[in-house]
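S.K.: Produce the entire structure from the sequences given, and follow the hints as far as they go.
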Amino acid sequence: MPLQHHPRFRDFTLNTAKSGLSVGEKASIWFYSRIWALSRKWFTHIFLFLCVAGYSLAGGFLFHYIEGTAEQNNVIDILKKRRHLLLEIRQHFREIEVLDEDEDEDKWFGKSTASLRAYEAVLLEYFKQDTHIMSKGDKPMWDFWSSVFYCGTIFTTIGYGHIAPVTTTGRALTIAYSIIGIPLFLIVLADFGKMFTRGIKFVWAFVRRVYYTGSCRKVRKAAPMQEVMKGVQIMYDLAHLRRPSQAGAAPPLPPRAPTSPSSAPPTPALSTFAIDDEFNLPISVAIFILLIYIFFGAAVFWVWETDWTFFEAFYFVFISMSTIGFGDLVPQNQMYMMASIIYLVFGLALTSMCINVVQEKLSDTFRQASVKIGATIGLKVSQDDGTGSPVSPTHVEIAEVHKPQHPEAPEL
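Residues 26 to 437, numbered by this note's numbering, are exactly what the sequence shown covers, in order.
Accuracy of the hints is not assured; some may be wrong.
[Claimed, not checked] For each label pair, taking beta carbons as the anchor points, the in silico distance ranges come out as:
1. Thr331 with Leu82: 26 to 32 Å
2. Met360 with Leu148: 29 to 35 Å
3. Thr182 with Arg142: 38 to 44 Å
4. Lys106 with Ala364: 37 to 43 Å
5. Asp168 with Leu209: 22 to 28 Å
6. Ile312 with Phe86: 35 to 41 Å
7. Thr69 with Ile402: 43 to 49 Å
8. Arg233 with Thr69: 25 to 31 Å
9. Pro165 with Arg392: 54 to 60 Å
10. Asn358 with Thr69: 29 to 35 Å
11. Ala215 with Trp329: 28 to 34 Å
12. Thr331 with Ser309: 21 to 27 Å
[Unchecked claim] List of simulated lysine-lysine pairs, DSS-like, C-alpha gap at most 27 Å:
13. Lys397 with Lys386
14. Lys105 with Lys136
15. Lys226 with Lys386
16. Lys386 with Lys219
17. Lys106 with Lys51
18. Lys136 with Lys106
19. Lys105 with Lys164
Derived by calculation from the structure, the hints in this document are not laboratory data. Even for Gly, the Cβ is constructed at its ideal location relative to N, Cα and C.
M.R.: Structure follows, in structure tokens:
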């Protein structure tokens with residue numbers, strides 16, 4: 026293990042650096058080290074998930090209180106108007122007894138029509154406000170779990186549109202809630218996407234290890250001597266470049282590999298199956314996992330929603346995970362609503378992982394193409410910013426084929 030990576034060396038250097046710091050700076054370093062240590066124990070993933078869950082529950086409580094109260098008041102108002110209409114019609118019936126036979130029908134019809142039009146105007150006003158008009162047996166639209174589901178459609182930016190606030194306070198709260206909720210959810214997506222990437226990398230490397238070695242253990246592969254000499258040659262070149270004092274001296278000859286590769290016995294290579302951030306997951310594997318996740322969710326919703334076909338369930342999952350969210354198909358059961366939000370949170374994180382895999386693959390492809398094009402036209406392309414710089418041509422010494430002809434000696 027290198028000295029700089031040893032735990033005691035890190036503790037020594039950290040204590041030495043902290044000796045000249047103030048109390049506040051030492052507290053900041055201690056707090057950062059604790060957070061870093063907890064993040065290596067899955068604390069960050071659990072903490073972010075609990076933050077999103079708590080934010081959803083808090084938003085559900087607020088929207089249930091604001092919009093649910095307004096919905097109840099509207100329903101009470103409509104019921105009062107309807108009762109008043111029934112009382113007026115009954116009063117019109119009583120007036121028939123004192124009217125003449127010629128006047129009773131027209132008189133009663135005119136008064137009843139006026140009362141019905143007044144009640145109709147009230148209903149139209151509520152319908153213009155997209156107010157949910159409940160009848161007997163209907164559940165309120167803005168109950169607690171429906172409000173939590175609405176909060177999930179806000180920070181995931183799906184926005185089904187089947188439920189929306191009608192009060193000014195609720196609409197203002199939606200704006201404030203989205204300003205905080207959307208960035209928070211993007212952080213969760215990035216964190217979960219990275220977690221899924223590392224998990225799938227681990228599984229994929231495990232499958233490769235079993236396929237190539239036939240064992241589940243991490244073992245080093247055997248390789249010919251030429252593979253080992255490639256690594257030795259690289260280390261030799263690096264060591265030679267790091268010695269500026271020997272620039273004027275003639276470079277020593279690099280080690281050479283045996284000429285007959287068949288006679289060289291297999292030697293343990295320098296490479297092994299390691300899981301790190303440089304490992305590139307194949308795009309086909311990432312897309313295959315995403316498709317399996319979508320089809321699995323479609324099958325589950327097809328079983329839950331008995332009036333949906335499998336295609337409608339697949340359509341709902343795809344529209345939701347692509348954040349289009351038309352709102353024409355929405356789960357009706359409250360428990361299914363909560364399950365769909367959790368399913369979509371992990372589904373969007375999986376989609377983010379696939380996008381990152383494709384982006385890394387395209388970046389590597391363009392980087393390799395730029396290096397090849399630069400080498401062809403005589404430019405050295407930087408790996409950091411992609412800028413090119415001209416490369417001076419190397420001086421190649423050509424051995425003389427024919428010896429120089431000496432002038433003939435004069436005849437004596």
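S.K.: State for each hint whether it applies.
M.R.: Hints and how they fare:
1. Thr331 with Leu82: 26 to 32 Å: Between Thr331 and Leu82, where Cβ atoms are some 29 Å apart, the hint holds.
2. Met360 with Leu148: 29 to 35 Å: holds, 33 Å
3. Thr182 with Arg142: 38 to 44 Å: At 43 Å between Cβs, range holds.
4. Lys106 with Ala364: 37 to 43 Å: holds, 39 Å
5. Asp168 with Leu209: 22 to 28 Å: holds, 24 Å
6. Ile312 with Phe86: 35 to 41 Å: holds, 39 Å
7. Thr69 with Ile402: 43 to 49 Å: At 46 Å between Cβs, range holds.
8. Arg233 with Thr69: 25 to 31 Å: 28 Å Cβ-Cβ, so the 25 to 31 Å window holds.
9. Pro165 with Arg392: 54 to 60 Å: holds, 57 Å
10. Asn358 with Thr69: 29 to 35 Å: Cβ of Asn358 to Cβ of Thr69: about 33 Å, so the range 29 to 35 Å holds.
11. Ala215 with Trp329: 28 to 34 Å: holds, 30 Å
12. Thr331 with Ser309: 21 to 27 Å: violated, 35 Å
13. Lys397 with Lys386: Judged against 27 Å, a Cα distance of about 17 Å means the pair holds.
14. Lys105 with Lys136: holds, 19 Å
15. Lys226 with Lys386: Satisfied, since the Cα-Cα distance of roughly 15 Å is no more than 27 Å.
16. Lys386 with Lys219: holds, 16 Å
17. Lys106 with Lys51: Given pair Lys106, Lys51 is violated - Cα atoms ~69 Å apart, limit 27 Å.
18. Lys136 with Lys106: holds, 16 Å
19. Lys105 with Lys164: Judged against 27 Å, a Cα distance of about 19 Å means the pair holds.
In this structure, the hints that do not hold are numbers 12 and 17, in rising order.
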